[in-house]
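Chemist: Here the protein sequences come in this chain order: X and Z.
The numbering used here puts the first residue of the first sequence at 1, with every later residue one more than the last.
The numbering used here puts the first residue of the second sequence at 1, with every later residue one more than the last.
Everything labelled a hint here was simulated from the structure, so no lab data went into it.
As the structure is a computational prediction, the values presented were derived from the model and not from experiment.
Hints should not be assumed to be uniformly reliable.
One-sided excerpt, in silico: chain X residues whose CB lies under 10 Å from chain Z [unchecked claim]:
{"id": "1", "residue": "35"}
{"id": "2", "residue": "138"}
{"id": "3", "residue": "325"}
{"id": "4", "residue": "393"}
{"id": "5", "residue": "395"}
{"id": "6", "residue": "399"}
Below, in silico cross-link-like pairs of lysine-lysine (DSS-like), each with a Cα-Cα straight-line distance of 25 Å or less [to be verified]:
{"id": "7", "chain 1": "X", "residue 1": "365", "chain 2": "X", "residue 2": "69"}
{"id": "8", "chain 1": "X", "residue 1": "368", "chain 2": "X", "residue 2": "104"}
{"id": "9", "chain 1": "X", "residue 1": "207", "chain 2": "Z", "residue 2": "33"}
{"id": "10", "chain 1": "X", "residue 1": "211", "chain 2": "Z", "residue 2": "333"}
{"id": "11", "chain 1": "X", "residue 1": "104", "chain 2": "X", "residue 2": "211"}
{"id": "12", "chain 1": "Z", "residue 1": "80", "chain 2": "Z", "residue 2": "66"}
{"id": "13", "chain 1": "Z", "residue 1": "33", "chain 2": "Z", "residue 2": "80"}
{"id": "14", "chain 1": "X", "residue 1": "211", "chain 2": "Z", "residue 2": "80"}
{"id": "15", "chain 1": "X", "residue 1": "43", "chain 2": "X", "residue 2": "368"}
Far from chain X, by Cβ distances over 12 Å, these chain Z residues were calculated [to be verified]:
{"id": "16", "residue": "50"}
{"id": "17", "residue": "56"}
{"id": "18", "residue": "107"}
{"id": "19", "residue": "114"}
{"id": "20", "residue": "121"}
{"id": "21", "residue": "149"}
{"id": "22", "residue": "156"}
{"id": "23", "residue": "163"}
{"id": "24", "residue": "182"}
{"id": "25", "residue": "191"}
{"id": "26", "residue": "211"}
{"id": "27", "residue": "222"}
{"id": "28", "residue": "243"}
{"id": "29", "residue": "285"}
Glycine is no exception: its CB is placed at the ideal position from the N, C-alpha and C atoms.
Chain by chain, the residues run as shown.
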Amino acid sequence: MSYGLFLMSRVCNFMSDITKELHTEHMVINMGPSHPVTHGTVKFVVTLDGETIVNFEVEIGYLHRGFEKMCESGLWEQAFPYTDRLNYVSSMINNVGYALAVEKLIGIDTPERCKYIRVIVSELSRLSDHFTNVAASGLELGAFTAFLYFVEARDLIWDLLESICGARLTSNYVRIGGLKNDLPEGFKGHTARVFKRCRELWIDVDKLLTKNRIFLDRVRDVGIMSPDDAIAYGFTGPCLRASGVPYDVRKAQPYLVYDRMDFEIPIGEKGDNFDRYLVRMEEINQSMRIVEQALDNIPDGPINVDMPEYRWQSKDDIYTKIESVIFHFKTVVEGIKPPEGEVYFAVEGGNGELGFYLVSNGSGKPYKCRVRPPCFPLTAAMPKMVTGSLIADVVPTFDMINMIGGECDR
Amino acid sequence: MIADLIEAVAKILFIFGVNMGFFAPVLGWVERKQSAVMQDRVGANRADIFGFTLIGLLHPVADTIKLLTKEDFIPAGANKLFHTLAPFITLTPALIAFSVIPFGGQYEIYGHTINLVIADLDVGILFIFAFASLSIYGVVLGGWSSNNNWSFLGAMRASAQMLSYEVAMGLAIIGVIMVYGSLRLTDIGAMQENFFKWGIFLQPIGFILFIACATAENKRIPFDIPEAETEIVAGYFTEYSSMKFIMFWMAEFLEMITIAGIITTLFLGAWHIPFISSKMLLSLFSFAGANGATILVMLTNIATFFTKIIFMIWFQMTIRWTLPRFRYDQMMKLGWKILLPLSLINIFITGLVLLL
Chain X
1 MSYGLFLMSR
11 VCNFMSDITK
21 ELHTEHMVIN
31 MGPSHPVTHG
41 TVKFVVTLDG
51 ETIVNFEVEI
61 GYLHRGFEKM
71 CESGLWEQAF
81 PYTDRLNYVS
91 SMINNVGYAL
101 AVEKLIGIDT
111 PERCKYIRVI
121 VSELSRLSDH
131 FTNVAASGLE
141 LGAFTAFLYF
151 VEARDLIWDL
161 LESICGARLT
171 SNYVRIGGLK
181 NDLPEGFKGH
191 TARVFKRCRE
201 LWIDVDKLLT
211 KNRIFLDRVR
221 DVGIMSPDDA
231 IAYGFTGPCL
241 RASGVPYDVR
251 KAQPYLVYDR
261 MDFEIPIGEK
271 GDNFDRYLVR
281 MEEINQSMRI
291 VEQALDNIPD
301 GPINVDMPEY
311 RWQSKDDIYT
321 KIESVIFHFK
331 TVVEGIKPPE
341 GEVYFAVEGG
351 NGELGFYLVS
361 NGSGKPYKCR
371 VRPPCFPLTA
381 AMPKMVTGSL
391 IADVVPTFDM
401 INMIGGECDR
Chain Z
1 MIADLIEAVA
11 KILFIFGVNM
21 GFFAPVLGWV
31 ERKQSAVMQD
41 RVGANRADIF
51 GFTLIGLLHP
61 VADTIKLLTK
71 EDFIPAGANK
81 LFHTLAPFIT
91 LTPALIAFSV
101 IPFGGQYEIY
111 GHTINLVIAD
121 LDVGILFIFA
131 FASLSIYGVV
141 LGGWSSNNNW
151 SFLGAMRASA
161 QMLSYEVAMG
171 LAIIGVIMVY
181 GSLRLTDIGA
191 MQENFFKWGI
201 FLQPIGFILF
211 IACATAENKR
221 IPFDIPEAET
231 EIVAGYFTEY
241 SSMKFIMFWM
251 AEFLEMITIA
261 GIITTLFLGA
271 WHIPFISSKM
281 LLSLFSFAGA
291 NGATILVMLT
301 NIATFFTKII
311 FMIWFQMTIR
321 WTLPRFRYDQ
331 MMKLGWKILL
341 PLSLINIFIT
351 GLVLLL
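Next comes chain X alone, as it looks inside the complex (with noise of 0.2 Å):
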């Protein structure tokens, strides 16, 4: 009797001792600026409870480069080679983007094929950076395969912007008024057979990810933006249309010739990773859409504004005429001269609204331009969005917000 009381005993004192709170601390790590899966540097201060996030800080700029002072510094025209370098994985639409707000500035009305033709880039370029980001996500969830495949295809992009401009990654084609040159012979051939190409690839990585098991427990319910909270921080693009809000800049506020393209807008209802994964892919799909229409339908003629004192004129003209060598001369050596005033323009980037907002003193020089970068307010919500969760939810929910180094920090 007595040696069961005291078995008790001893077995409530153990109890107790199990029960008792541990002595546990919190780390602290630095993830980034140089860690795998901050592409584009950045770094986390990331506090964890075993592997549980407790406190989750972003520090950005670790890629600024003064953009708006390098913009104010240089001519009208001489801005474009910088905006290549915002979102770099789509630098076509900041070429547009940019034009178009000048062009607003001044009041320019770009003839129909150059704006065909500024269309089609666009969507080329968000095809580009789609390509990439869920390959990305992918590679990071340790599907190496799924990366490569979606590589392909962006590098089958790559060629036709090569084609089109010369360079694959810094485009600068698009001008104030007008457009570097014209297509290349045989574009729409080039671009059918890339479709094709595309199309496969998207099925394959389709099959790969979007029913994989192993990829679907890992992107669903994580990451999760209500549609209040994201218009709150102020998302834009894929991740605000995953949360179910259907805002596009391109059906919001058309551009160029998109109110005559027929494409949809796909939402997501959660707000989760694996709505704006689906959300990037099923635009990927209609990108190649917006393409082939704009293709069916371009109209011939010129692809630069007859305004000399904005654009210059064919190199004929200004070999040969005097006024065009006046022109051509004053634009190149004072710049081009917007009229007083200010504007801001909105293009529907890769990730988000792409906004300029100009200032202009009627110099040759903008007095100040200042970019909307989507994917700021995408990396300010990181901390809401993984906080609670496990360190490994860090990877795909950075990597499906997209932020890119080169248009956060500027």
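Position chain Z against the provided structure of chain X, taking the given hints into account.
Modeler: This is chain Z only, laid out in the frame that chain X set:
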């Protein structure tokens, strides 16, 4: 006596040579080439000697030379002794475990019985499990002694993962042991001469469970959580360089070979060719005389065994290059809530069938 000694030394040298000299370096090449084939790439083809690239086969040599000449870096604040010891502790069990796996049957040549296994233990499977679980010490020690948060997280993950999957793996094997009634791997191998008595037919669930658990034990995708490079840099071997790094790397490949060996022995009929019994082989080779025929049968069996091993390695690599990786908690859930109950059910059903 001397014949026994020669036989033992020859077997050890053979297995050591095949594993360390052939499989471990060549697997690095195979992994690169196979992933390249799966991903529409060319793969490793740059390393050359006087312009001969040998379809990239020189890359293991180049890698070894490069890693040998790298600085052997020990981070400040690391425990030097344990940091150095860890890769050895990981590599040794991976090498030893193969010693009880038979790569052929028993043969009578010139009056001398040759048993093609280095150590024919009557607790063969238990021996393998004992040594497989030893390698975890190297991992934990390496992660802990590196004085690095990433390594530490990797070590924690590795210990949790390997401990929990060892349970399910052990239970997945029990069905096989019940069916064949022996722990001795040579017995289990010998009992699979009939094609329809292969473990994969008698224990299909056990086979799948064992493959899943073994992949987890080997820490390869989809179970490479302890070294998930996008999450925790490189996990427990973040701070390793030079030959110590390659020792972890080799341990992984050796474990892969060992796993392939165990699967072959337990489930894929060991050294037997389907539908062809040893007697048929003997009569086939009867032109070479009694001893010559036995030697030929022995060589055929060894070749069969290693062909099966190569197939299983190919299978593991295909998995590795197809799937993404699990999350830590999902993997633990899979181990404890799905694989463990399944293996228990498997044991129960096997017992029921045996009883009836």
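Chemist: If a hint holds in the structure, say so; if it does not, say that too.
Modeler: Comparing the hints with the structure gives:
For residue 35(X), the suggested interface contact is upheld, since its CB lies about 7 Å from the closest CB of chain Z, less than 10 Å. The beta carbon of residue 138(X) comes within 7 Å of a beta carbon in chain Z, closer than 10 Å, and the hint placing it at the interface holds. The interface hint given for residue 325(X) is violated, since its Cβ lies 52 Å from the closest Cβ of chain Z, which is over the 10 Å cut-off. Annotation: interface hint on residue 393(X) holds; nearest CB of chain Z at approximately 7 Å, less than 10 Å.
Given the 10 Å rule on beta carbons, the hint for residue 395(X) holds: about 5 Å separates it from the nearest Cβ of chain Z. For residue 399(X), the shortest C-beta to C-beta distance to chain Z is roughly 9 Å, which falls under 10 Å, so the interface hint holds. As the CA atoms of residue 365(X) and residue 69(X) are separated by approximately 11 Å, the hinted pair is consistent with the 25 Å bound. Between residue 368(X) and residue 104(X), the direct Cα distance comes to roughly 15 Å. Compliance with the 25 Å bound is thereby established for this hinted pair.
At most 25 Å may separate the alpha-carbon atoms for a hinted pair to count; residue 207(X) and residue 33(Z) meet this at roughly 23 Å. Restraint check for residue 211(X) and residue 333(Z): satisfied, since their Cα atoms lie roughly 20 Å apart, inside the 25 Å limit. At roughly 45 Å between alpha-carbon atoms, residue 104(X) and residue 211(X) are farther apart than 25 Å, so this suggested pair is violated. Among the hinted pairs, residue 80(Z) with residue 66(Z) is consistent with the structure: their alpha-carbon atoms are about 23 Å apart, no more than 25 Å.
Distance hint between residue 33(Z) and residue 80(Z) is unfulfilled; the C-alpha atoms sit about 37 Å from each other, more than 25 Å. Between residue 211(X) and residue 80(Z) the alpha-carbon distance is near 47 Å, which puts this suggested pair outside the 25 Å criterion. This hinted pair does not check out: residue 43(X) and residue 368(X) have alpha carbons roughly 29 Å apart, beyond 25 Å. A cut-off of 12 Å between C-beta atoms confirms that residue 50(Z) is not in contact with chain X; the least separation is 32 Å.
With a cut of 12 Å on Cβ distances, residue 56(Z) stays outside the contact zone with chain X, its closest approach being about 18 Å. Every CB of chain X is more than 12 Å from the CB of residue 107(Z) (nearest about 44 Å), matching its label as outside the interface. For residue 114(Z), the requirement that its beta carbon stay farther than 12 Å from each beta carbon of chain X is met, with the minimum near 44 Å. With 12 Å as the threshold on Cβ separation, the claim that residue 121(Z) sits away from chain X holds: the shortest Cβ distance comes to roughly 37 Å.
Interface exclusion of residue 149(Z) from chain X breaks down, the closest Cβ pair being 5 Å apart, not more than 12 Å. A cut-off of 12 Å between C-beta atoms contradicts the statement that residue 156(Z) is not in contact with chain X; the least separation is 8 Å. In this structure residue 163(Z) is separated from chain X by more than 12 Å, as the shortest Cβ-Cβ distance comes to about 16 Å. Every C-beta of chain X lies more than 12 Å from that of residue 182(Z), the closest at about 36 Å, which supports listing it as non-interface.
A cut-off of 12 Å between C-beta atoms confirms that residue 191(Z) is not in contact with chain X; the least separation is 36 Å. Non-interface status of residue 211(Z) relative to chain X is upheld: no Cβ of that chain comes within 12 Å, the nearest being about 15 Å off. Not every beta carbon of chain X lies more than 12 Å from that of residue 222(Z), the smallest distance being close to 5 Å; the non-interface claim is violated. Residue 243(Z), annotated as away from the interface, keeps every beta carbon of chain X farther than 12 Å; the closest lies near 24 Å.
Non-interface status of residue 285(Z) relative to chain X is upheld: no Cβ of that chain comes within 12 Å, the nearest being about 44 Å off.
Checked against the numbered hints listed earlier, the structure breaks hints 3, 11, 13, 14, 15, 21, 22, 27; every other hint is satisfied.
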